[in-house]
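A.B. asks: Protein sequences, first through last, are from chains A and B.
All letters in the first sequence, in the order written, are residues 22 to 252 by our numbering.
All letters in the second sequence, in the order written, are residues 84 to 301 by our numbering.
Hints should not be assumed to be uniformly reliable.
[Claimed, not checked] One side of the interface only, derived from the structure: several residues of chain B facing chain A at Cβ under 10 Å: (1) L161; (2) V211; (3) A218; (4) M275.
These aren't lab readings, by the way, just hints derived from the structure by calculation.
For every residue, glycine included, the Cβ atom is placed at its ideal position computed from N, Cα and C.
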Amino acid sequence: MIDKLVPSLADAVRDIPDGATVMIGGFGTAGLPNELLDALIAQGAGDLTIVNNNAGNGETGLAALLKAKRVRKIVCSFPRQVDSHHFDALYRAGEIELELVPQGNLAERIRAAGAGIGAFYTPTGYATDLAKGKETRLIDGRGYVLEYPIHADFALIKAERADRWGNLVYRKTARNFGPIMAAAAKCAVVQVREVVALGALDPEAIVTPGIFVKRVVHVPNPALVGVGEAA
Amino acid sequence: MKRLTRDQMAARVARDIPEGAYVNLGIGLPTLVANHLPRDRDIFLHSENGVLGMGPAPAAGAEDYDLINAGKQPVTILPGASFFHHADSFAMMRGGHLDFCVLGAFQVSIAGDLANWHTGAPDAIPAVGGAMDLAIGAKQVFVMMEHLTKSGQSKIVERCTYPLTAVACVDRIYTDLAVIDVTPAGLAVREMVDGLAFEELVRLTGVPLKAPSEHALA
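Bound-form chain B, shown alone (with noise of 0.2 Å):
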């Protein structure tokens, strides 16, 4: 079995990312995203601090730090970019305008539910940002993480035991071993890494999944 790449798992989010799509990734692993959409391809990155047609980063010495992105780096905008006040911004998460956001996790229920913003952890500065508007704004909201912890725990849960960033909101997850869909039938696998077999991916992950023999892929 051959895990993903941070990059590869990055690669492997921008080919569903379709012309046209207005697009909020978060920060952290999802910010990678940005690296593997194809130039040839129209999509509008959107940034919560109020730009929409978000370019890659400055050359360095090229800086402006008024212009920056949801993680405080300085980036660049696209022709065509515009720029707007927060409550816009978030209107547009919360209103459903927006396609796609990739998000990290913590952890993923069999449900959909997602925990990406607390551990709960009492020596922990709790901090969440705009990851509850995401999660409840896009029309699609994909989940990009590890598949388990550093000591080995699915990351795909029965409940989520971190504190909840919203209910039911994943459409699919990625991780560096599959795609998996989120159904109302169920998590249901679109593809898995080469050499990994359907049972080692569910004795992994601990919950219940459908093997792509088992259902048809939209």
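Just chain A, same shape as in the assembly (with noise of 0.2 Å):
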């Protein structure tokens, strides 16, 4: 029998190594998996590339991982915001690499990983100077830039339920980049608030299948906070 499920937080994020790529989902704290990135901070792994699309909000979740310096290089598209302190003084203080990718490229270079592309031509970026450096290419007198996937070694996403094939529904706008993180890491951990019996999610319904899934937490009563408020 086939149970993803893992009995701890800590038993879900035990095998993270240092300098391992860890893709982060969440927007802002939407969906933000806060206590599985408690947990890495208690595990203690560092020298940690992380993927998300910010760099942390307030004191919890993401922004903690930084304030504990575990984070060597943050590959995002918008790492500014009214309290991303913690990074912000990383930053200005040389202490991390930052690769600023704009948002849709991103997500399609995390797509991309999940499906197996070698690389793809995006208009996205062209004649900017997040193109420098870059392929490009003049396909139908567009201009393009060549863009390469993003794997990771781990994925740690949250998820609203889940049974124990690891099949996922999500709640709301906290699904964002949950389903094309599961696909493009080796190893996703996803927190769910709720596990239900298999054969209770509407297959119709599902939005990440097991096969994305490696493990499964239940987190049942999860932080849930908004950008800018205090924690």
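Starting from two chains that each stand alone, build the complex the way the hints lay out.
C.D. replies: Next comes the structure, spelled out in structure tokens:
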């Protein structure tokens, strides 16, 4: 019998090594797997490359991982926010590397990794500073930039509901990067608010099929805060 | 001359959004456009973080932090709304499925180049978000901005001096002084605020403009 549920958050992140590339779902705080991030901080892995849309909010979650100086490099589209002070301080001190990626290129590079695409041409960013040094090509008279996939060792994701095969549904805009990160990482670890019996999820409505998910951990009462809200 | 307020600018942009349009409103000033869309028109608001059919802000106390907009503020959804992941959301932009986007700007050039993501200042932390995807993707790119900087410089320029968001992407510029189309033949003024003479607009803008009488308005 296959049961992807692991007994604890600590078990869920136990083997993330120093130097790993870790995708973290979420857009601002929506979909951010706060409890998995707390477990990662407690586990102690460092020198990490983090892929997330932002660079942490307030004092919890990704911001806490940054504050603990576990991150060598961050790949994101929008680091600067009203409450991204921990990233801002590290960046200004030259203690973190930033790869700034237009948001659609970030999403498509993640999608491409999960879909086995070697690289792709995109019009986004053409003739801008964010395409400097990249290969370009004119296709039907329009300029495109060659972008490569972003692979990851682990993805930490938050979903609403899972069964023991790892099928997932999400909640509202907390879905954001979850489905594509699950497919792009070698090991997708998902915290869910609710675990349901096999067969309880409508097959027509499953968003992430279990093939993309390695581990599920049950977090029934996740922290939920807004950007700019003190946690 | 009476400059438009931010709300008047938003109302002016809203007038040009037809029923049935799929629209993305950028962070900041463009967000105000939503308040001026007529409620009897079906207009589909897209948010980059995976929602179509976005509604107004929730009542105080009814915020759901799993339901936010691109500016990470709580929102609501309308009946008929849908959620989707980020790759699909940006396929809607890049794939040319959005009819309009409305973006703020630091500068727009006479060729329609847009600069709106980074000042390039050494101490500034760069952040781009979805700006570049919207600029190249939407069928019509509207820019909404003050005509002049705080120090009185025109934000409509010969060539952008700030880092570019995209080349030749802007279709129309709405400012507190005028509505201006970017055309292959140059910048064509559609409207000016009451009491503003065309010659004065040209003087303030500092780049060649075609007067409304010089071109047929589409």
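A.B. asks: For every hint, state whether the structure bears it out.
C.D. replies: Quick rundown of the hints versus the structure:
Checking L161 (chain B) against chain A: minimum C-beta separation of about 14 Å lies over 10 Å; hint violated. Hint on V211 (chain B) holds. Least Cβ distance to chain A is approximately 5 Å, under the 10 Å limit. With 10 Å as the threshold, the beta carbon of A218 (chain B) comes within range of chain A, its nearest partner Cβ sitting at about 8 Å, so the hint holds. Hint status for M275 (chain B) relative to chain A: violated, with the closest Cβ pair at about 32 Å, above 10 Å.
Checked against the numbered hints given earlier, the structure breaks hints 1, 4 and satisfies all the rest.
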